[in-house]
Amino acid sequence: MPRRVVVTGIGILSPLAQGTAEHFDALLKGACGIGPVTAFDVGEFPAKYAAEIKDFRGNKYLKNRKALKVMARDIQLAVAAASLAARDAGIYDGVANPERLGVSMGAGLVPGELDELASAVAVCLDEAKHFSLKKFGKEGIGALPPLWLLKYLPNMLNSHVAIEYNAQGPDNCITVGNASSLLAIGEAARVIERGQADFMMAGGAESKVHPLSLVRLFLTNKLSTAADVATRGPRPFCRDRAGLVAGEGGAVLILEGKDHAKARGARIYAEVGGFGSSCGGQLQAEISSDGRGAKEAMTRALADAKMEARDVEAVFADASGLPEDAVEAEVIAEVLGKGRLTIATRAALGHTMAGSGALDAAAACLSIDKGVLPGTFGVECEPDLPIEVTSKSREGKFNALLVNTFTFGGQTASMVFKRHTAE
Amino acid sequence: MGKDGRRVVITGMGLVSPMASNVEDTWKGMLEGRSAVDYTTIYDASTFPTTFSGQVRDESVISRFESDPELKYSGRNLRFALVAGQQAFEDAGLHEAEINKERFGVYLGAGEGPPDWMTFGNLLAEAWTGAKTDTAAFLKNAVTRMNALRELFQEPNIAAGLLARRFSALGPNMTCLTACAASGQAMGEAGHIIRRGDADVMLSGGAHSMIHPYSQAGFNLLTALSQRNDDPKRASRPFDKERDGFVLAEGSAMLVLEELYHAEARGVRIYGELMGYGTTGDAYRLTDMHPEGRSAKSAMRMALEDAGIEPKDVDYINAHGTSTAVNDKIETVAIKEVFGEHAKRIPVSSIKSMVGHLIASAGAIEAIACLLAIRDQILPPTTNYEHPDPELDLDYVPNVARKAAVSIALSNSFGFGGQNVALVFGRYPL
Chain U
1 MPRRVVVTGI
11 GILSPLAQGT
21 AEHFDALLKG
31 ACGIGPVTAF
41 DVGEFPAKYA
51 AEIKDFRGNK
61 YLKNRKALKV
71 MARDIQLAVA
81 AASLAARDAG
91 IYDGVANPER
101 LGVSMGAGLV
111 PGELDELASA
121 VAVCLDEAKH
131 FSLKKFGKEG
141 IGALPPLWLL
151 KYLPNMLNSH
161 VAIEYNAQGP
171 DNCITVGNAS
181 SLLAIGEAAR
191 VIERGQADFM
201 MAGGAESKVH
211 PLSLVRLFLT
221 NKLSTAADVA
231 TRGPRPFCRD
241 RAGLVAGEGG
251 AVLILEGKDH
261 AKARGARIYA
271 EVGGFGSSCG
281 GQLQAEISSD
291 GRGAKEAMTR
301 ALADAKMEAR
311 DVEAVFADAS
321 GLPEDAVEAE
331 VIAEVLGKGR
341 LTIATRAALG
351 HTMAGSGALD
361 AAAACLSIDK
371 GVLPGTFGVE
381 CEPDLPIEVT
391 SKSREGKFNA
401 LLVNTFTFGG
411 QTASMVFKRH
421 TAE
Chain C
1 MGKDGRRVVI
11 TGMGLVSPMA
21 SNVEDTWKGM
31 LEGRSAVDYT
41 TIYDASTFPT
51 TFSGQVRDES
61 VISRFESDPE
71 LKYSGRNLRF
81 ALVAGQQAFE
91 DAGLHEAEIN
101 KERFGVYLGA
111 GEGPPDWMTF
121 GNLLAEAWTG
131 AKTDTAAFLK
141 NAVTRMNALR
151 ELFQEPNIAA
161 GLLARRFSAL
171 GPNMTCLTAC
181 AASGQAMGEA
191 GHIIRRGDAD
201 VMLSGGAHSM
211 IHPYSQAGFN
221 LLTALSQRND
231 DPKRASRPFD
241 KERDGFVLAE
251 GSAMLVLEEL
261 YHAEARGVRI
271 YGELMGYGTT
281 GDAYRLTDMH
291 PEGRSAKSAM
301 RMALEDAGIE
311 PKDVDYINAH
321 GTSTAVNDKI
331 ETVAIKEVFG
341 EHAKRIPVSS
351 IKSMVGHLIA
361 SAGAIEAIAC
371 LLAIRDQILP
381 PTTNYEHPDP
391 ELDLDYVPNV
401 ARKAAVSIAL
411 SNSFGFGGQN
421 VALVFGRYPL
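So the protein lines, in turn, are chains U and C. The opening position of the first sequence corresponds to residue 1 in the working numbering, with each subsequent residue numbered one higher. The opening position of the second sequence corresponds to residue 1 in the working numbering, with each subsequent residue numbered one higher.
Any given hint could turn out to be false.
Taking lysine to aspartate or glutamate pairs in the EDC-like style, the calculated list, with each CA pair at most 16 Å apart, reads [unchecked claim]:
1. C:K140 to U:D41
2. C:K132 to U:E423
3. C:K241 to C:D395
4. U:K338 to U:E308
5. C:K132 to U:E113
6. U:K135 to C:D44
7. C:K403 to C:D389
8. C:K140 to U:D384
9. U:K134 to C:D44
10. U:K66 to U:D126
11. C:K132 to U:E164
12. U:K69 to U:E164
13. U:K129 to C:D313
14. C:K312 to C:E341
15. C:K344 to C:D395
16. C:K336 to C:E242
17. U:K370 to U:E313
18. C:K329 to C:E242
19. C:K132 to U:E313
20. C:K329 to C:D231
21. U:K138 to C:D44
These are calculated hints, taken from the structure and not from any lab test.
The shape of chain U in the complex, shown without the other chains (with noise of 0.2 Å):
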């Protein structure tokens, strides 16, 4: 028999909180992270609000502050996500054999800091004022710092956690655009199940708070212009959503051997049930038209769970206020049976891209382990949708929940975490 996975640590960085507990009582709350953005002066740029972790500080977290110099803003979520998991975890020097202990990240395309590249380009302009590589060849390369292509590698997520926490066991780093993080996740339980590792370190995180990215997403048309998405969230669902507005924030969880989190007494927060993933085949939308890749991805988690769909009672979509966001319903409905609850975080943390499905993975068991689910910011049910949806938080027993993120460019992931049990 495989061996199985649990979950022993939960680290989270929010838009909410910086901090699991935090974090989640936020949700709870019905908090929204999403405000004027403040990193940067957007001026006449049509979208004016993003979800940003404020005040963010990353030499909290790191053991080896120097480092932080070469780390984007993705990197240093990460690697602070995998601090406060690792703390939650007790994994410290000596209780994990470093060979025995991997890290799986999920990683966003890491834009670099404008500053640094526009005032080495700025030095390399012809007489028309045009960029010009011939002296960006000779002046401009000089005018950066010297390890600028480390910052914004997408594998250093797992390098620096890696350095860290000294771990030396498998090591993968998965990069596909929004479903990155739960991916991740998912390879990295696989590694413990086939006898690999004992500790996988496994999420992700990125920033979209960035003058690039923004652009990037206002091209596809994605970006919320509307002007009440700080007050109302993006409303996923709902005849009125507004639109994807970008956030920040990441989670690494530690998964491990639940034979080995028994035998050191470890708490456990909830169990890996299953993993599926596919592709919808589309590119630029984040579910395909006929859902297929959405639906795919669901039906092989559930069977790899070995479970029905009357078994999971709660979804967290990866509806994010788009247009798209009917088709994940109605997939939802075909799947799992109509009328079932319905969570979408990214209403009030905005998108994470790369981070989200880490940060929902981290909520559902949560939500398992303190048996209450967070609702929906800003949604309340609408009569013709096929699923349901609360702004309201809901306290019960759950068993099984299910996450979902489907990505740009065609990948699904879903996977199932059910509650632990003694056996």
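Following the hints, put chain C in place on chain U, whose structure we already have.
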């Protein structure tokens, strides 16, 4: 071996390399010891510290997508991926009408696409105030001058998405980007997906092009690239005493991984078996390998254990061999420790001496070299090996391809940042 004894074999291969836009011509070039490295022409690199690269020279691979309304905005990496993926699919004798779409997945080690560097550079220059970036001006100008698809196509997951769309593959679909280890890692993980029973066929491999001004600048700043500008063809010289850095290259290598009985039932040619996979993290430093190569060693050991073989069973090691001072030294140390008394006997070569370093695609093109070495019983050489380094004393198959009995080959891929991968390939049947 996986659940219910499921084993993984390779039944198709496709390749766009600096040498040629197909598998056989690239292989022929390698066996002849030809260098595919030359001066960079994708952009004007004449003033850069390094002026040459392993650039794909076959313009037809690029131009064939120019009339496609979407793909004309795609970067070189995606065009390479689509061409190599199609080749691999056809080489495996797969047909869209017959394949079980739910049991067919894609797992790539794929890189980000080249940025729209002139547009981006000009936008940044115009927004620079002399002290900081005027972000409001950047945003205002960028939304009118950047192209939505050109930006979207830079995302690393697009190659695997486009290939899934092309073949209607509904199985597991993933992309990893562990730098230079990425496509080796992708193949190892894809193999596990088949072994576990989650798919019967996986298209796996890599696609990447970092030959653009910003990446080149980044690597030059790290002093990782060879600067032998007067003699590009002799610049990549793994294990040679006068090596001075790696040669940045680009391309895509794709392999069809298939469950053994599935392949046998189709009666398709089998190149070999993917027997073992090891993955570890160095957890040491961002820029340097651990001095004793601790996780390079553990990756090789994990792959051998996974394959159920002993060091003595390995007939050939396809090295990561980048031609950097540190990698080649530490890789040699690690091989000597893992293989012990057998290390001196086992031939070790690096095809990067001829095609350069394809970064995320490196592991996959090297997998192809291993499988063809097994098929043809011949080892590709390490070219430009002229000055033995006293510390580096393995048999590097210097300069000339060599006939050899090869049943089992091990291939290393060590990622910049510390992700290390080793794969073991075997002749099938052994």
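* **Hints that the structure is at odds with (numbers, increasing)** => Violated hints: 2, 7, 8, 10, 11, 13, 16, 19, 20; rest satisfied.
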